[in-house]
Structures are given as C-alpha cells and as structure tokens.
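What follows is the residue order along each chain.
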Amino acid sequence: MSDPAPPGFRSASDKPFLVGLAVLGGSYLLIIGAMVLADLVFLNYSDRPVLGPEMVKQGRYTGGEVTVSVEPSRGYFFRKGKNDAGLQLGEQHIASDGLFQAAAGQAVLLPHASGRPITASLRPEARVLGIAVTNDVATVTTDVAHGLLWGEFIRVSDAGGPGWDGVREITDTTTNQISFAVANGAQSATKLSLSKPNPLVQALRSRDIRFSIKLSLISCTLTTLLSLWVAVPIGYMMSRFEFRGKPVIDTLLDIPIVLPPLVVGLSLLILFRYMPEWLSDAVVYKWPAVVLAQFMVACAFAVRTMRVTFDQIPQRFEQVALTLGCNRRQAFWRVIMPQARGGLLAAGTLAWARALGEFGPILVFAGATRQKTEVLPTSAFLELQAGRTEGMLAVSLIMIAAAVVVFITARTLGMKRIFA
Amino acid sequence: MIALEKIALRQGSFELRDIGLELAAGEYGVLMGASGSGKTTLLEAICGLRKIASGRIILGERDVSQLPPAERGVGYVPQDRALFPTMLVREQLAFGLVLRALGQAQIAKRVNELAELLGITGLLDRMPDNISGGEAQRVALGRALAHRPSVLCLDEPLAALDEELHGEMCRLLERVHRETGVTILHITHSPSEARRLAGCHFRLADGQVQRDE
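Chain order of the listed sequences is C and A.
So the first sequence is residues 0 to 419, counted in numbering that gives the first Met the number 0.
So the second sequence is residues 0 to 212, counted in numbering that gives the first Met the number 0.
Any given hint could be a false lead.
Facing chain A, according to a computed beta carbon distance under 10 Å, are these residues of chain C, among others [stated by the list, open to error]:
#1 Val319
#2 Ala320
#3 Leu321
No lab work stands behind these hints: they were computed from the structure.
Note that the Cβ used here is the ideal one computed from N, Cα and C, for glycine as well.
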C-alpha cells in the first residue's frame, strides 16, 4: 500500500529546470549568432585611403611623449595603439583612429604612461604627383611609397575625364608608381584620387578568387549529385536489408566521418600511387581531385542522412505497394522516394555544405594551385598566409553567403513540400 | 478460397509450424488469437510479404507459395492502414490500377465506383493527413479492393475506432463482402466483432490454427 500524499503536498517548481534548458540552449544559440555577426561587422566596408610608409618606429620609443614632424595641411592616417592616449598637433587633439588633416608641423604622440613603448601608427596619405598615359595604360606617380601590389585593385575617382573612374586592376608597380589600363583613347587626366576598394570588392574582382568561387560552386554541386547518387542506394540497402557483414559495412561507412580529414586526403593520394598512370595523371593535383576529396567526406554524411530517412519510413508502405502489384523497384520509386524527398533535400544540403567547407583533403590531394585547384577554403588559407586577414574574411563572407543561399533555397523547397 | 497446407515459418526465435487453414471462396473468416501469437505474421505470409520455410499457400485455386506479392491477387489492409502520405485519396484508389496499365477512363470509373461503395466520394481530392481515422480505414479498404483481388486480408481493421464508427464499419464490411463476393480473412481481438461478421472462426494459439464452430 502506498501512502496517500501528505496534506499540503506541493511538487517542486518547474522553473529551475526550464531556466536551465533556456540558459544552456540559449548560450549556444547566442554564440552561433554572435559568431556570424562578428564576421559581418568586423569587415570595414568603406574604401581605404592609399597610405605611405609608417612614420612611427614601432616599439622604439619608451621614454614618454614622442614628436614626429608632419607636413601641415596634409592628410594623415592615425591608428591608436593600446599604450597610447592620442596625438597632439598644436591645438588639434586626435584621440580616435582615422584620417585627419594636419594643422601643425609637429605631431606629439601621447602615451598613457611613461616607460611603455608607443604602439600607435601614423601614415601619410599618398598624393598623386604625376599622371601619364601611353597606349591606354595610365601610370600614376605618388609622392610616397604606396605599398600597392600587382594584381590588387584600385579605385580611381574625380579624374574629370571619361574612361578613368572606376575600379582598375594594377598591372605594374614600382615603389612610387602604379600602372593600370584605362578606357580606349582616354585623355590624360590632370588630377585624380586613388583609394583602395574594400576587401570584399577586391576579392570579388580578383581573377583568382573568381576562379575559386566558380570551382567551388561547380565542384560542390557535382559532389552533391554524386553523393546523392551513391547515398540513396546505400541508405536504402542499409535500412531495408539484413545480410551477413552488415555491421562491418556500417563501420566502413563511418570511416570518412571519424577519420581526420587530412588523413582522408593523404589516403587518397597514396591510393592513387597504385592507380594506372593515366588515371592518376588525370586526377591528382587537378580539379577531379577536388571533387573526389570532397565526395569522400560529403558522401558519408549523405549516406547517414538517407539511411535515417529510409529508417523513418515504415516498411508497411512497400509491403502494401507490393500487394497492390508493384515490384520492388516500382515500390521504391512510386511510394518510398516521394516520401524521402525531405530527407533527400537534407542530405543534399548537408553534402553541399560539407563539400564547400572541405579543406584538408583538398590541400593534400589536389594542392592549392591558384586558378587550378583553388576552392574557397583554399583562397581563405592563401589570403591568411599572405597576411591579408581582411581578404580571408572577405572570402569567408562569400562562403557564408553561398551557404545561406543554398540553405534558404533548400528550406523553401522543403516548406513547399510541406504546405503544398 | 484460402488454403494453407502445413505452413512453417520462422522469425527470429518465433516459430509457427504445421499450420493449416481452409476458407471457402466468398466466405468471411475471422482469425483470433492472443497478442504475439503470430496472426499478423501469418497474414503477411499469405500476402507473400514473409517467406515460408515449408508448406503451400493456395489462393483461389492457385498455388501462390512461390509467387511475389504482386501476382497473388490479394488485397492487404495493414493495422496502421499505411495510406501513402504523398498521394491524394484518388491516387491511392487508382494505385493498383495504374500499375496494371488500365486506361484513364477505366481507372476513373473504378475509382468512382469504389468511392461510392465506401462512401468516400467527397474525400477523393484530399491528402491522407486531412482525413479522420474511420475515413482512412475506408480509403485503405478501397485501395486494397481496387484491383479486384480474390482475397482480402484485414489486420485488425476496427481496432482504433470508437463505438459508433465501429458499428458503421462493421456494416460497411458486411456490405463490401456481400457486393463484391471477395473472400475475406479478418484478424481481430474482439469476440463480438467476430460473432457479428464471420461465417468462419479460426483461433491461433500455441502455434496451431483451430477452427471454432
């Protein structure tokens, strides 16, 4: 016999439990949102000025205030370091980062405290000294070293004549000169302003990155189609049939998920040493290697998804279809696949996203050759290696955008299925 | 007719042996038995969805033991009805007919005929998730009858219905039986249902089928 509840019995409040759920779940969601938002916000979308060399010798000054001579009424770009309080030019006080016009000939860097090295940066804005045009190629001379590189893009504005304004690719550089193509028959300009377009424009204009966007989109789509083509039969087989060795196959299918991606690439590379020469010549370090490396990993995820999808469709449907006159093939195509559409979409999206982010195996198996086997993660890596954090961020944003577009498309198609 | 001769089948540790059952053409048979006694398994074996280890299954004068389910001429209504979630009611009814490559007009005629018999004419253009349990049962019945099977296998068709629907469905099953003349094998737990519908009573217990008079 159980005792009746004592009088005045009250169950404990549900609040701590629900608050716990909300806090744990919410904190993760917050990090996801903040992560993506940080990428979007961090990138400065405005154009940057073309700047000359650094005037503050980094880490040299530890004895308090430092005086640097500047040219009055010239533009300077100031970036405050973590040890500095600002910049003083006569009456003018600069405390925040940005471009300013010098009002006096002497700039004083103000540290927070004496004894700590000054870490601020002060760079003059490059001024155009001369403009020459030969054979539709303009050569602009600047009064200071501009630091621009061949292949970068420059925005030309205020030229006053036709055929000048716009974003131009730099075709040649020296310390004080840059050359770029102008429109056919453009007259030499007397004045113009130069600025560096933001990294997103730079990235989207760059031939290398354009190639990598194209290769990424094509290879990911190819990988997705291949993955689904393989994942549907394997998923169906694993879901519906019992056979000897099934646990072994199950384990094999998980290997690409469990294995470190780099090892997948290495294994592929070694595998192709045993392949006939014509085949390995055609694949290794060429674009097919990109697709194969993506496929090996993405397909494993597609197989998982398809298997779960088929597992969730009761076998009853096929059984009824069989009694109604279907053979197994007809039952599969007429009854099961229409129900598996949502899963197929999910598997495709997952495979696509995995393929888009694949990096390690591609680096090992296909290399990172510009305009040959360069996909977006490779671009991001190459940008980072070249010290262009902003370029890397720009490439990341392109990847985020691509992923978002694919996810929204998939979701919309999925919704249509549900609400139709 | 349905005749099972010395059927043996095995499913994991579960085993049925030496099962015999005979139901004349056009009769209404009810098979009863405790949960887990293998009623559904036996029904699946008749439909060809489960391999038998030995014995013969004869449906309407034909030995179908080795035939695939498609060629056995059975209509199967599983316990959970299993209406195809991606198809309209109309398409479900037409499913067996489309597979037999009948003409559009013929299919439409048969579908309307069935819908009338089962009282689901108003549901033809609905999806299965928009109809009630009793209606789903009628659709499943119509789908199984469409290709004019000689044998109809019903797995607890009235189990999930409330009192009122229960009586209504009983009347419908009687009517279907009367009008189509199909041989029906009906699995149930309910003795009253069995008394009301069946001409022939079978009981599956301890791996044996007995005929109750």
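Hint check results:
1. Val319: Because about 5 Å separates Val319/C from the closest Cβ in chain A, which is inside the 10 Å limit, the hint holds.
2. Ala320: It holds, given that the least Cβ distance between Ala320/C and chain A is near 7 Å, below 10 Å.
3. Leu321: holds (4 Å)
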